[in-house]
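Given chain V, put chain A in place with the hints provided.
Sequences listed follow chains V and A, in order. Going by the working numbering, the first sequence opens with residue 0, and the numbers climb by one from there. Going by the working numbering, the second sequence opens with residue 0, and the numbers climb by one from there.
Hint data in this document are derived by calculation from the structure and do not stem from the laboratory. You may find that some hints are simply not true.
Which copy? The list can't say, so a pair holds if one copy fits it or any two copies do.
The calculated DSS-like cross-link candidates involving lysine-lysine, where the alpha carbons are at most 27 Å apart (straight line), are [as the list claims (entries may be wrong)]:
| # | residue 1 | residue 2 |
| --- | --- | --- |
| 1 | K115 | K99 |
| 2 | K175 | K360 |
| 3 | K303 | K175 |
| 4 | K367 | K387 |
| 5 | K303 | K361 |
Number of protein chains: 2
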Amino acid sequence: MPAPTASADLMATLVSLCKRRGFVFQASEIYGGMGNTYDYGPLGVELKRRVKDAWWRAMVTTRADVVGLDSAILQHPKTWETSGHVAGFTDPLVDCKTCKARFRADKLEEMQCPQKPSRTPLENKCDLTAPRAFNLMFKTHVGAAEDSASIAYLRPETAQGIFLNFKNVLESARLKPPFGIAQIGKSFRNEITPGNFVFRMREFEQAEMEFFVPPAENEQWYAYWRERRLAWYLEHGIRREKLRVREHEKDELAHYSTATCDVEYEYPFGWGELEGIACRTDFDLKRHSEASGVRLEYFDPETKEHYTPFVIEPAGGIDRMALTFLIDAYAEEVVEGETRVVLRLHPRIAPITVGVLPLVKKDGMPEKAHELEAELRELGFTTFYDEKAAIGRRYRRLDEVGTPWCVTIDGDTLKDGTVTVRERDSMQQQRVPMREVANRLLAAQRDWGKGG
Amino acid sequence: MPAPTASADLMATLVSLCKRRGFVFQASEIYGGMGNTYDYGPLGVELKRRVKDAWWRAMVTTRADVVGLDSAILQHPKTWETSGHVAGFTDPLVDCKTCKARFRADKLEEMQCPQKPSRTPLENKCDLTAPRAFNLMFKTHVGAAEDSASIAYLRPETAQGIFLNFKNVLESARLKPPFGIAQIGKSFRNEITPGNFVFRMREFEQAEMEFFVPPAENEQWYAYWRERRLAWYLEHGIRREKLRVREHEKDELAHYSTATCDVEYEYPFGWGELEGIACRTDFDLKRHSEASGVRLEYFDPETKEHYTPFVIEPAGGIDRMALTFLIDAYAEEVVEGETRVVLRLHPRIAPITVGVLPLVKKDGMPEKAHELEAELRELGFTTFYDEKAAIGRRYRRLDEVGTPWCVTIDGDTLKDGTVTVRERDSMQQQRVPMREVANRLLAAQRDWGKGG
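Next comes chain V alone, as it looks inside the complex:
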């Protein structure tokens, strides 16, 4: 299998593919765009759905020890005072007294003067103020009055919604540690620095899980989740050599954390955080307990003791996961003298699993194709029907968006009931009875990547 393109242009190529094929568009593009904000098109929304489903399946549905939650974006402002976000979730910013522009004080060497031609860094003439703390939470007002009593924040993380509901979930779902509460949902950060496409956005979708454990089991569960989360990416097709786990140094850790690591991926712009796994100890539950006066503890009926569980938190971004799957899957190769672009996405991640193609749009072939489509959809496959253009061109269009299989219905199908199944990566074609296609693809999906 040829190595994917590793050029510095990969990001530009991918952004262009994403727009052309309907994965990702710039938000409000017709109005000149909205900074660091993107919309997902028809294929992008299916890709994201598949990433979310794969995460939810691994983290919630197939586990007896984890339940789901969906808490609101707008929570009581005390939430963010208690969590420390109101006081501490800040970037240091400086103003230029000459041009009134604002810059990140800790990234001045990357900043650019807006009064100078493109790519000119800040100069001595720029008259900068001392840095001041700029809070990254979006602020709004709830209710009819715009006073300080009505302030609300768009959540900067989904995790706090889980801590607030600890007691309600514990009691309604009859759980005992170790157990987890998982959530997928939008978070918002008023980032000043640009973002490498959907890698860092102001509005993004998080997938977080808080795993509550007896304090003595903290280390073993941290090791467990670090291994498990890395394995999840491997199981869904990310190349091993592009992944690494980096343990944080002691001076990098939040004051309450005993250990934290990042699962990192080697992006075209360098190694970057794909997901973090953090030991948050009992910090959050204790803080919310003190601030609210509501006891957020577990009562162990065997020891007859109340205790505050420790927390292990695997937390990633769905948008960043989707981007990583796209980058990792992108490949160009020369086939019969022409360049073939192919996304080698895992079948559980690919936005379309099966292309269903009647060779010509007559002689009953479209009808047979629709029949097969209905059967495959019933089993959870996403199908795409295409009857336009030459068959080779249709294959290429489906390769480019990562479709693992194409099934072609032709004249022989009507005579002997067989169809051609084409596999994306090997481009091998096989003649198969149409009634066996569904089972073969189910098996192929289950065994994907296991053959080597």
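Then chain A, alone, in the frame of chain V:
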């Protein structure tokens, strides 16, 4: 089948059930709550996922003429100037000069003076100002400066994100009218009036589809979607007699709309809108086209003409759908001298499809149960494993959250490989070979509600 409870207390009963069993909690409850805002617990998040999946399946996955989209909550502010929301998306409010409270001017008779005991309406002593328009959009600031140039709004509807992307979707997905673009996502409205639980919230999840048609086909597609959306509720188990379609009178219509109707449900608090189907004509595309200078039209290669499609919009709220399914499903009945609470949810909507219950937690029964669970999950069923308490009590707990089937593994299972399958509504039990359970339940789900 006995009629469900129709008492005025049904809402209170349901709110209590929702909290106790982990469907819905008040947001920020430990901090005294956040008005009109709710969090979904472990069962609620699965219910919502099922409602969203059922909608997406019917509106996108199984249709060749509709594609999906996921646009950002924060769009360029020109979006909302052009759509008319900045100028016109308002409620009339009055202030009381005595107590400084604010009220909806058009609902004064329902309002209550905050200085008077509960349930006291406004009096002559209340000194009210003239009404002024209060915009329902949440406002925030993007970027480092808090000036008018940085204002952004949380979207009050997902529809505009679809119109902004019309051209990008049309070109990338190679579509031609009639075709639809569908979206599920959060919207925000700064409502002043209270909401009947999750019926009307400040933060809610919409499911909207804009169906673009040649202008001459406007009426036929309006009729089609009105019928189709009503049918969707019936197919998912809502009782026919609780639904009606109400056509808007001419004076109710938005100035650009040629026809609009509501699918209404008879809630415990009266008939209310469940979903709206609106003819929006070419209003939105034309407005955005004029404001942005980008042509939002379709070029018909056969007639060689550009035209602006007309739009039919079926738009509902996922939270309201979920609430409606719960209300419609709730029933109490006397069984063997005891009251049984049961949610008669459709298997495609129920948060748990199959309860898997080893009679006792020994003799290899738990292992058999986990084996069956794994098989059922592979086929898309949501399973719940329960080995605690007497079997009758376990059935009741699963009835109360709407689980259509329970499978019990007992001593005979280990001898002859059979299990007991219990059906929720009839409470009938049948002895079935364990290897046949999956196929039987798939068939029962497919045929659900068709027998009568």
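Worksheet item: Taking 27 Å as the upper bound on the Cα-Cα distance, should K175 and K360 be classified as within, between, both, or neither?
Response: Between copies, since 18 Å is at most 27 Å while 59 Å is not.
Worksheet item: When no copy is named, should K303 and K175 be tagged within, between, both, or neither for a Cα gap of at most 27 Å?
Response: within (13 Å within a copy, 67 Å between copies)
Worksheet item: Should K303 paired with K361 be assigned to within, between, both, or neither, using CA atoms and 27 Å as the limit?
Response: For K303 and K361, the Cα distance is within 27 Å only across copies (26 Å; inside one copy 75 Å).
Discussion item. For K367 and K387, with the copy left unspecified, which applies at a CA distance of at most 27 Å: within, between, both, or neither?
Written reply: Within. Shortest intra-copy distance 16 Å satisfies the 27 Å Cα cut-off; inter-copy 50 Å does not.
Item to complete: With 27 Å as the alpha-carbon cut-off, assign the pair K115 and K99 to within, between, both or neither.
Response: For K115 and K99, the Cα distance is within 27 Å only inside one copy (13 Å; across copies 51 Å).
Figure legend: structure checked against the earlier numbered hints; every hint is met.
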